[in-house]
Amino acid sequence: DKFKALLPSLETGFMVHNEFRDFYKFSFQFNRQGTHKTLEKDLVIMLAPMILKDRLPEERMSSFVEFLNQTTDKSYDRITLDQWMSFYDFSKECPNLNEYDEESSAWPVLIDDFVDYATGMQM
Amino acid sequence: MTDDNKIITLQDGWDNKIKSNAIDVLEDILDTGLKSGKFFSNKNYIEVYTVCYDMCTQRAPYNHSQQLYTRHGETIQAYLETKVLPAIQEKGSSGGVPLLEELKFRWENHTIMNKWYSKFFTYLDRFYVKHHSLPSLSQAGLTAFKTNIYEHVKVGAKDAIIELIDKERDGEIIKKDLILNTVKLYEAMGMGSLETYNNDLEAKLLESTREYYAKKRAEWIVTDSTPEYLIKAEQVLNEESNRVKEYLNTGTEPKLLKVVEEEVLEKVESALLEKEGSGCKVLLANDKSEDLQRMFKLFARLEDGLRPMAEIVQQFISSMGHEVLNQRQARLDAGEKDKNDDPTFVKALLALHEKYLGVIRTDFDGHSVFQKALKDAFVDFVNKNVGNYTNAEFMSTFCDRVLKSGGEKLNEAEVEDNLEKVVQLFSYLTEKDRFAEIYRTHLAKRLLNQRSTSTDAEKVMIAKLKMQCGTQFTAKLEGMLNDLAVGSDQKSEFDSKMREENLKIDFGVQVLTGGFWPTYLYPEVAVPPDMNRCLETFKDWHTKRHQQRKLKWVFSQGNATVKAVYGKKTYDLQVTTLQAIALNALNNGKTMTYTELKETLNLEDPILQPLMHSLSCGKYKVVSKSPSNKKILTTDKFVANSKFSCNMRKIRIPVAIVEASHNSKRVDEDRGASIEASIVRIMKARKTLKHQQLQAEVLSQLAFFKPNPRAIKKRIESLIEREYLERSEDDTNVYNYLA
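Those protein sequences? They're chains A and B, same order as listed. Just so it is clear: in the first sequence, position 57 is 57 by this note's numbering, and no numbers are missing. Just so it is clear: in the second sequence, position 734 is 734 by this note's numbering, and no numbers are missing.
Okay, chain A solo, but in the shape it has when bound:
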């Protein structure tokens, strides 16, 4: 919440890619609670769009949020740093989901599941 309050006043628009990426990473780490190394899914759903505003296409962000909201996979109740970072890196590297090749990729399974969902294959 503290962070949320802080965020609107932070203009991240000026940051170049690498700087922003570090900031993005930091925002995950800052919001961890207690001894957890992961973030609650709901927190991620709220946080990511805020931070990634204007950095990613609207469509990508909203479909990801949708995916997280509807998934019943318990392993996604908490999101790891790896998954958090991968979503950003993946979105930068692969703007067109239809070109995604799961077999040759090393992205976390979360991304694979997300692509399946977004390209209309409900698993």
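Calculated from the structure, these hints are not laboratory results. Possibly wrong hints are sitting among the right ones.
Pairs of lysine to aspartate or glutamate, DMTMM-like flavour, derived with a Cα cap of 20 Å [said to hold, decoys possible]:
1) A:K41 x B:E721
2) B:K690 x A:E102
3) A:K92 x B:E729
4) A:K92 x B:D731
5) B:K690 x A:D101
6) B:K714 x A:D113
7) B:K464 x B:E354
8) B:K714 x A:E40
9) A:K25 x B:D730
10) B:K288 x B:E354
11) B:K706 x A:E102
Start from chain A and add chain B according to the hints.
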């Protein structure tokens, strides 16, 4: 006798001595045939030889070596040109047998002539020829024949030979030695090499053979069934092989056979294999062993001949296997209960394997390409499960039947045979670890309940599995057997200790080494004092022997015999430990409610309910329940059944087991751990690796199951979380090992 002083002139020597006494005589004999005896008497021969000798050793200008050498050549040439060639051309004008016969005659003549001239002019060979590095006399003679005769007739002769051979192929009887002789001529014309024979005869023969069999093939493939065709092919190959032996040069055999194989077999292999009604598949389906053997032998000759055949065999076996799966499905569809034991199914699989193992051994000479086909076919369908249970489980329960007492009734040899066959089937499973886990559970039951037919049989099976999969795979199983062996060793020691203590109960303990055995439940049941004394005695004794070990009682296992006295009758009830403790609580006609029992015994519902059910609602109601329905409710009351009666003295009261489906979970957990261990091993050695390579190496390391790519990814992610690995900053496809 020659006059040493008299010089022989060329003219004189040649005309009067050599020509008249040797050359003319010889030519005459050759033309008209030998009248009697030898060509030349020794006396005549020596005379001519001497003249030649003299003429060559006379001092210059009377040394006539060169002229003699030249005249030798000219004489032969003239004879060939004027006498021999015309004769051949006349007699052999229409080719065929007459040509060959005349040629044979003339060639034989020439051989004789060449020999005699060499004999007469031997001295030339010794010195003049050598000194001037000229062809020897007989070589010159041969060359003369080649140039003057052979070159003119070689095509005609070749045609004649080929014509005869084709006739013989069509079934006519021909003059084989005529061909043989002519072949020898061609060979000789090579003068030390087979090139002439190869180019002038062999090559053309191969061509015409090819044409001949191409035609035959076109006919046969339409009219004949595959077995019929193959019989013809076999015959034809034998024929050609014999043909070479009879009248051709041995070097021709492989080339000739290759041509026949190409035309008769290779070019129509697919058509033969796939022929409607008689192709490979049909032969397999009808167990046409002889035809299959022939097919194998013939196609084995071709360079890649067996592969298409093996493909068909593989598909066939695969379809037979799927048929077995379908049969099982059909039984389930017809209403048969789906349980974890299906001996019919397993036996069908074993029979199928046995059958085609035999076919491969007998019909395909055990050739490796077919063994692989069998393996690939089985791997294809053996991993397809029908119904709720896996094939791994069926194989395991089948083993259980074979190994436990009261299962299949088999003698020792049959037991081993069955086990051997199941292990072969097992080798095709991808999920071998699942099999192992289920096998372990069954083994534990057999061992703990003494239901194993023979310890030797158990060892044999484990040894077979060890051979297939290595020591690690069978370590736990061996550990279990070992526990039992140790237990029986120590039993007598403990028994004497028991006697010392003079306890009223006959008591035995089996110690299990934790990691080897399946996981059991450890209900903390309240043990009655009599029993407890036994437990304590054992614990003391054991601790003295093994200070380091920690013991934990597994009350969910174990058996007891309870002596139950109902009125005048006494029974021996064979029950589990927990049942015994429950019965003990109800001793002396005591009534207890469910809740009271639960408290007194300290047992949870999932255990207590089936327990009480077995004593009061089963076949032998040793305990009465009120109300007397089949459900166990907390409000029920239990008391020993005073009206209990049975004809038998010894009664076994079974109880439903609570544990079973640990299996699957356990296997999945172990798999996760194996994958991770593998990833860490690989990354530690390589330090940095691309994702695809890591995945490939992991798959190649895992022998007992095949995880899908996402499963591997999940474990990678887990390791990233725990900071064993990290993603590379430069390339998202690459991982780095974190020391």
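Hint-by-hint comparison with the structure:
1. A:K41 x B:E721: Satisfied, since the Cα-Cα distance of roughly 17 Å is no more than 20 Å.
2. B:K690 x A:E102: holds (15 Å)
3. A:K92 x B:E729: holds (14 Å)
4. A:K92 x B:D731: holds (13 Å)
5. B:K690 x A:D101: holds (16 Å)
6. B:K714 x A:D113: holds (12 Å)
7. B:K464 x B:E354: Satisfied, since the Cα-Cα distance of roughly 18 Å is no more than 20 Å.
8. B:K714 x A:E40: Between K714 (chain B) and E40 (chain A) the Cα gap is close to 19 Å, so the pair holds against 20 Å.
9. A:K25 x B:D730: holds (16 Å)
10. B:K288 x B:E354: holds (17 Å)
11. B:K706 x A:E102: The given pair, whose Cα atoms are some 18 Å apart, holds under the 20 Å limit.
Consistency with the previously given hints is maintained throughout, with no hint failing.
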